Amino acid sequence: MSDVKSARPLSPHLSIYKFRPTMAMSIVHRITGGALYVGTILLVWWLVAASSGPDAFSSASWFFGSFLGQLILFGYSWALIHHMLGGIRHFAWDMGYADSRETSTKLAQATLIGSITLTVLLWLGIWIFG
Amino acid sequence: MSDFRTPLRRVRGLGAAGGTEHFWQQRLTAISNLVLITVFLILLLTLMDESYEGVRAAFANPFVGIIMALMVISATIHMKLGMQVIIEDYIHGGAKLPLLILNTFFAIAVAAASLFAIVKMSFGV
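Quick note, the sequences are listed as chains A and B, same order.
So for the first sequence, the numbering used here puts the first residue at 1; every next one is plus one.
So for the second sequence, the numbering used here puts the first residue at 1001; every next one is plus one.
Please keep in mind that the hints were generated in silico from the structure rather than gathered at the bench.
Predicted model, so just to flag it, every value in this text is computed and none were measured.
Treat each hint with caution, since some may be false.
Unchecked claim - Derived DEER-like restraints, expressed as beta-carbon distance ranges: (1) 1053(B) with 106(A): 40 to 50 Å; (2) 88(A) with 1010(B): 19 to 29 Å; (3) 7(A) with 1101(B): 42 to 52 Å; (4) 102(A) with 1063(B): 27 to 37 Å; (5) 1005(B) with 98(A): 20 to 30 Å; (6) 72(A) with 1053(B): 51 to 61 Å; (7) 23(A) with 1100(B): 18 to 28 Å; (8) 1063(B) with 112(A): 33 to 43 Å; (9) 101(A) with 1101(B): 17 to 27 Å; (10) 1066(B) with 95(A): 27 to 37 Å; (11) 1007(B) with 120(A): 17 to 27 Å; (12) 1061(B) with 26(A): 35 to 45 Å; (13) 1088(B) with 53(A): 15 to 25 Å.
As the list claims (entries may be wrong) - If you only want the chain A side, here are some residues facing chain B, beta carbon under 8 Å, derived: (14) 48; (15) 127; (16) 130.
Claimed, not checked - To spell it out: a stretch of chain B is covered by chain A in this simulated footprint if at least three of its residues, at any positions, have a beta carbon under 8 Å from a beta carbon of chain A; those stretches are: (17) 1048–1059; (18) 1076–1090; (19) 1108–1119.
Glycine included, every Cβ here is placed at the ideal spot set by N, Cα and C.
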């Protein structure tokens, strides 16, 4: 166990930096990751219900079809798409691309715009064709 | 002077060892997640308004079973690694180790329950 023994300054010094889109998308990547983590309980519920029998499956289906269930799935799909796009951004950086100040800022903004656009398109498709 | 070990030998295995492996596994599962979860989303869209029988018929397909099982394995490894980093970054002191253990147990529990359900449906029981 590595306890912090003294009040050493920990990097990064968030307070001395101006808040940038890249910082916002960095913490959103973690938050969406955490949400996806907890939300796997929904996946387990759906799979176990489907494997258990018609009664368990119909209760799960009822929940996912309810207003609350649809709201959760909407949020969950956004978190998933956002985390996916963020991950692709990280792949670009890992391979040494798009890491200049200007490009990384644009890419951070594009991640948010892209994830919202794709999520809205996905659910429009579901409501129109579903 | 009875210690004939080199300085390198004495420090090997100490400190933040294993970071490269962690980093690599995170990226590797990110690549497989990208493919497997996209396929899973498409599957979900086709099953959305399907009846219980329809869903069971889909899961009886070996291709669906294999993709779903791989998706669960890839995703649970990825999320275990990610949550580990979050805990290590923000939690210091006595709560850190129990949380790291809980994190591993949670990821394994999610994987076990999901894989059990997938295998059960694949074999049509």
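Hint check:
1. 1053(B) with 106(A): 40 to 50 Å: This hint holds: roughly 49 Å between Cβ atoms.
2. 88(A) with 1010(B): 19 to 29 Å: At 42 Å between Cβs, range violated.
3. 7(A) with 1101(B): 42 to 52 Å: violated, 28 Å
4. 102(A) with 1063(B): 27 to 37 Å: violated, 44 Å
5. 1005(B) with 98(A): 20 to 30 Å: Roughly 45 Å apart at Cβ, these two residues miss the hinted range, so it is violated.
6. 72(A) with 1053(B): 51 to 61 Å: Between residue 72(A) and residue 1053(B), where Cβ atoms are some 26 Å apart, the hint is violated.
7. 23(A) with 1100(B): 18 to 28 Å: holds, 26 Å
8. 1063(B) with 112(A): 33 to 43 Å: About 35 Å separates the Cβ atoms of residue 1063(B) and residue 112(A), which means 33 to 43 Å holds.
9. 101(A) with 1101(B): 17 to 27 Å: violated, 40 Å
10. 1066(B) with 95(A): 27 to 37 Å: holds, 30 Å
11. 1007(B) with 120(A): 17 to 27 Å: With a Cβ separation near 58 Å, residue 1007(B) and residue 120(A) fall outside 17 to 27 Å, so the hint is violated.
12. 1061(B) with 26(A): 35 to 45 Å: holds, 40 Å
13. 1088(B) with 53(A): 15 to 25 Å: Given range 15 to 25 Å: violated, Cβ gap about 41 Å.
14. 48: Hint holds; residue 48(A) Cβ to chain B Cβ min 5 Å, cut 8 Å.
15. 127: Given a least distance of 11 Å, the restraint on residue 127(A) is violated.
16. 130: holds, 6 Å
17. 1048–1059: The restraint on the region 1048–1059 of chain B holds, since 6 of its residues have a Cβ under 8 Å from chain A and three suffice.
18. 1076–1090: Since 5 is at least three, the answer is holds.
19. 1108–1119: holds (count 6)
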